[in-house]
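*Asks:* The listed protein sequences correspond, in order, to chains A and B. Everything in the first sequence is counted per this note's numbering, starting at 1 for the first residue and increasing by one. Everything in the second sequence is counted per this note's numbering, starting at 1001 for the first residue and increasing by one.
Honestly, the hints are just simulated from the structure, not real lab data. One thing to keep in mind: the hints can contain errors.
Claimed, not checked - Quick list of in silico lysine-lysine cross-link-like pairs, DSSO-like style, CA-CA up to 30 Å:
1. B:K1020 to A:K12
2. A:K11 to B:K1011
3. A:K12 to B:K1012
4. A:K20 to B:K1012
5. B:K1020 to A:K11
6. B:K1020 to A:K20
7. B:K1011 to A:K20
8. B:K1011 to A:K12
9. B:K1012 to A:K11
Number of protein chains: 2
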Amino acid sequence: MSQFDNVSVVKKANIYFDGKCVSHTLLFADGTRKTIGVIFPSSLTFNTAASEVMELNAGRCRIRLAGESEWRSYSGGERFVVPGNSSFDIETLETLDYVCHFG
Amino acid sequence: MSQFDNVSVVKKANIYFDGKCVSHTLLFADGTRKTIGVIFPSSLTFNTAASEVMELNAGRCRIRLAGESEWRSYSGGERFVVPGNSSFDIETLETLDYVCHFG
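Using the sequences provided together with the hints, build the complete structure.
*Replies:* Structure (structure tokens):
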């Protein structure tokens, strides 16, 4: 599925980490929310409120979940899950084009 | 109006100029198309196919249309029009958060 249909899109961008992460918010009829965005090469830590599924359209990164020592690598076509009320470290090696699904 | 409703959104980002410009494409039921995006501080030249209305949510830039010598300044809350089959120089002084309406 290359597009989302029948959604509402917030016009204003979300710009985080001095522009290292840029996203736009999509609101769905069932009350769920996703963001579509880009993370440029960087080392960042994200905090989560809701749980997240990060779906990668393109790019390459490694991530480490809070409380874990192991880094796991992901690239375009893959996805990873982050628990809610937590955090993860993400090292973006090639610009990530992503969809973030909030749980 | 802070959001667009009942639109289709292309999941994949448009990344131009080595990441200086990032946008996502919105498709409307009437067949028109807009992009929502960000331009980071930079000096760029954009070519246009269709005519464009650039609506600025935030940021500050100056632009010079093809064939003109004058630079005009725009900032959040303002918009400018660019003819089709043309080009414009844009100097982004503060990160632009924009909606581009294609005519």
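*Asks:* State the violated hints by number, sorted upward, taking the hints as numbered earlier in the document.
*Replies:* Failing hints: none at all.
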